[in-house]
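My request is simple: use the sequences and hints to build the entire structure.
Number of protein chains: 2
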Amino acid sequence: MRHLLASAKRKIYPVNPTVSEVLGIAAYDSVVDIPGSIDLAVIAVSASRVPMVIRECVQKGVKAAVIVSGGFAETGEQGGKLETDLVKVARQGGIRFIGPNSMGHADTSSQLSTLAWTWEITPGPVGLISQSGNYGHRIIHSGLISGIGFSKFISTGNEADLHLEDYLEYLAQDENTKIITAYIEGLREGRRFFQLAKETTVRKPIVVIKAGVTKESAKAVRFHTGTSAGSDAVYTTAFRQAGVLRVDDDDELCDVVTALLYQPLPRNNRIGILTIGGGLGVVAAEACEREGLEIAPLAPSTVEKLDACLPPRWSHGNPVDMAGISMAENPAIFSSLWALMEDENVDAVLLQAPLGAGNKRLSSMFNSGEIRAFRQAEESNLSLVSQRVREQGKPVFMVKPAVEFATDPEASSLFRKKGIPVYPGPRRAARVLNHLAWYRRYLDAAER
Amino acid sequence: MRHLLASAKRKIYPVNPTVSEVLGIAAYDSVVDIPGSIDLAVIAVSASRVPMVIRECVQKGVKAAVIVSGGFAETGEQGGKLETDLVKVARQGGIRFIGPNSMGHADTSSQLSTLAWTWEITPGPVGLISQSGNYGHRIIHSGLISGIGFSKFISTGNEADLHLEDYLEYLAQDENTKIITAYIEGLREGRRFFQLAKETTVRKPIVVIKAGVTKESAKAVRFHTGTSAGSDAVYTTAFRQAGVLRVDDDDELCDVVTALLYQPLPRNNRIGILTIGGGLGVVAAEACEREGLEIAPLAPSTVEKLDACLPPRWSHGNPVDMAGISMAENPAIFSSLWALMEDENVDAVLLQAPLGAGNKRLSSMFNSGEIRAFRQAEESNLSLVSQRVREQGKPVFMVKPAVEFATDPEASSLFRKKGIPVYPGPRRAARVLNHLAWYRRYLDAAER
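Residue numbers (the working numbering), protein chains in the order written: chain A, 60 to 507; chain B, 60 to 507.
Worth flagging that the hints you see were computed from the coordinates, not collected in a lab. Ideal Cβ placement from N, Cα and C applies to all residues, glycine included. Some hints here could point you the wrong way.
Unchecked claim - Cut-off 20 Å, straight-line C-alpha distance, at most; resulting in silico cross-link-like pairs (DMTMM-like, lysine to aspartate or glutamate):
1. A/K274 to B/E350
2. B/K459 to A/E311
3. B/K274 to A/E353
4. A/K459 to B/E350
5. B/K274 to A/E311
6. B/K119 to B/E136
7. A/K274 to B/E348
8. A/K274 to B/E353
9. A/K476 to A/D503
10. B/K278 to A/E353
11. A/K278 to B/E350
12. B/K278 to A/E350
13. B/K278 to A/D291
14. A/K278 to B/D307
15. A/K278 to B/E348
16. B/K274 to A/E350
17. B/K263 to B/D92
18. A/K459 to B/D307
As the list claims (entries may be wrong) - Covered by chain A, per the in silico footprint, the following chain B stretches (three or more residues, Cβ under 8 Å):
19. 101 to 111
20. 227 to 237
21. 249 to 261
22. 301 to 315
Unchecked claim - Take a look, some chain A residues computed to stay more than 12 Å from chain B by CB distance:
23. L63
24. S89
25. D366
26. G478
Okay, here's the thing in structure tokens:
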């Protein structure tokens, strides 16, 4: 209720027969006692009382509800019966509802939130449908810190009335939602999901976590929401045929969404790797190959260009080890990067080199004026790279250890501002690039 | 030289015929002109001059050198010849050396560093041998931020004289080194490594990254250090037979080292999962199974204990979903944790629940006195858990998103101080637990 009051645009009527007011606002004994008309009922009473409250809502002419209360089908047979009753009452009365056992929902554009979370969700282009309130919470939290904003969030709960597929259909045509994400344990309308997804992904990416793949996690799904996790092979095939990007967890989801927001799709999966050290290149190449990318063979003209700007001890192949050249004095990093981006064999570049003025550790600069100069150089260098990415339509991903961002939060927001996704290790970057390359191939095939 | 001067315990003689002083200290034209006796020569002249400098060192009676200079075998045939000459001169003169093409080395206990890095390495029990200077740099940087201290670091370079195996033999008997770590591209004395490792791992863990597993990364290894990455199957078998823990990258290396430092080894791989939400449990169970752990079936007595302290809607199985109970008012999280730790079927516990006073977001508390109260409660709760871990010899791992630590660096150091490793996601925690369980089984078998 605090959240709802914070937006201050709506009339809120607390209903609670045991108190006279809630947060300073007069409370009503029953929904039917409310003087004005009601657009949405948010129900958080004990399970056994929910059907009664819904009846009152029907009487009052309410058309929509969010049922936060738990204690229904997820708890066993008796709760299941209660849920069946609830659906019957709502259907007869023409009420559609989210839940029960939902954590609530949020719409950042109209500033409506029925969530009990104490923090705000930053508005943005990503819609999220989650079959777990807690996991949805985790995704949104990870997303916000990664700089991702959200349009709508729905914690679907038991889906006794509205199903995940209904929310998907809605987000597919929602103008504020450019990317749809979902945490799925089990689908109630698999065929409808497949059709909707197939129609949607050609113009709007869908990124999902489908949990319950392993034996015990599938058991846990049954305990959690009472649904069946289903055959993973069927889900896998359906997702691939419908152009749905499937990820493993919240980190990978945020990684992919960030790339989709900021970078062009690579034409294919042939990667160029640019590093300041041999070992970094070895580990990056290994990570890329493990994730299904190809290490691009360099065109002879690219080797010539690199010969012209790098010291003779450079690796003469991909991964391109610039052999320790330092940024501060040497523009070779840009010449090398442009050379890789111009290579017809290279679909995307993984960059593992400092983009600031020199590779001095930030930690040694704190409390000195140097840090400002470093930041300025880094910012203008990032702008240069960002411009090339747009011009050439070829993605550039940076790899920087998470630890650097942990000690220097300013850095990550600067990179984001310039549209260059930064990943803590080569494996996470490679995985995202593989998703993007696959999606591009899917879209190309769908167009033909 | 700045580093060497900073420790201020040694006599440093700069040698450079083109200047009269370096950092205010009189420079000599040649090693032979130095008045005192020399314990260690640090050589960073161009490759072609290195044999000459080594000759001067022989004349002066120097017995040890670090050769930072590059331009030897790693650059091709001509450099290879130069390296052969260098080794001949050194052998004849009785000089042992690190490198060439080494980034230097460091010993934190005697405060000796020949590295050019601008930051200090915190002393600690971890030794690191790296066949890549840059990757070693990355490991140490990741380690320091994760709270890991180092005893010795050696960037082995081309290993023209001293081999990785020599450093391993040394660290195996070094009292300041409790855990040995290494970044390996290719071994020159595989059989010796295997023997040394086998003798060492029964009392001191060895954790390695072996790079060059994939086709193109193996090629990159040849470019980088001129060694062969070898057959990965042979390495894999040898590592397993010698009790060597093999990890993929710097993050996993730090994850494993942190666990080895702070936690007992689990007797086996049967995990108990404790969460505040169903979806979190589903994803955690999936991650554990994917990494090879078993989801422990709960003993009937454990179910009874959990029935007694949790709301009736708890999951009644493993993963244990506490169904949203909030820490602030409810000691059930501890009762549940103790119950899982006491279960004979459970070898380790994965905890995904807030240990502070309530699960209010820290972000909503900044600038208020609440944060201090939260911290105090968290600290005393962590001490309780930590004590139980020691008493029962059963590890407890926490899962918290990296993003929380990114916004609240104080938290990670508090958890570390209390000896509870915290991982950003269940998959990383599960992977570490699988390594630890494997190592325990190896040790048990070795004892018999």
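Hint-by-hint comparison with the structure:
1. A/K274 to B/E350: holds, 13 Å
2. B/K459 to A/E311: holds, 16 Å
3. B/K274 to A/E353: holds, 10 Å
4. A/K459 to B/E350: violated, 26 Å
5. B/K274 to A/E311: Between B/K274 and A/E311 the Cα gap is close to 26 Å, so the pair fails against 20 Å, i.e. violated.
6. B/K119 to B/E136: Since the Cα atoms of B/K119 and B/E136 sit roughly 31 Å apart, the hinted pair is violated (cutoff 20 Å).
7. A/K274 to B/E348: holds, 8 Å
8. A/K274 to B/E353: holds, 10 Å
9. A/K476 to A/D503: violated, 29 Å
10. B/K278 to A/E353: Holds - the C-alpha atoms of A/E353 and B/K278 are around 13 Å apart, at most 20 Å.
11. A/K278 to B/E350: The hint holds at about 18 Å.
12. B/K278 to A/E350: It holds: about 18 Å lies between the C-alpha atoms, which stays within 20 Å.
13. B/K278 to A/D291: Answer violated: B/K278 to A/D291 is near 37 Å, above 20 Å.
14. A/K278 to B/D307: It is violated: about 31 Å lies between the C-alpha atoms, which goes past 20 Å.
15. A/K278 to B/E348: holds, 12 Å
16. B/K274 to A/E350: holds, 13 Å
17. B/K263 to B/D92: violated, 44 Å
18. A/K459 to B/D307: The given pair, whose Cα atoms are some 17 Å apart, holds under the 20 Å limit.
19. 101 to 111: With 0 residues in contact (Cβ-Cβ under 8 Å with chain A), the coverage given for the region 101 to 111 of chain B is violated.
20. 227 to 237: With 0 residues close enough to chain A, the hint is violated.
21. 249 to 261: violated (count 0)
22. 301 to 315: Per the Cβ count (4), the hint holds.
23. L63: holds, 17 Å
24. S89: Check passes; 27 Å lies beyond 12 Å.
25. D366: The claim holds: A/D366 sits with its nearest Cβ about 14 Å from chain B, beyond 12 Å.
26. G478: Label holds. Min Cβ-Cβ 20 Å, cutoff 12 Å.
Violated hints, listed in ascending order, are 4, 5, 6, 9, 13, 14, 17, 19, 20, 21; each of the other numbered hints is respected by the structure.
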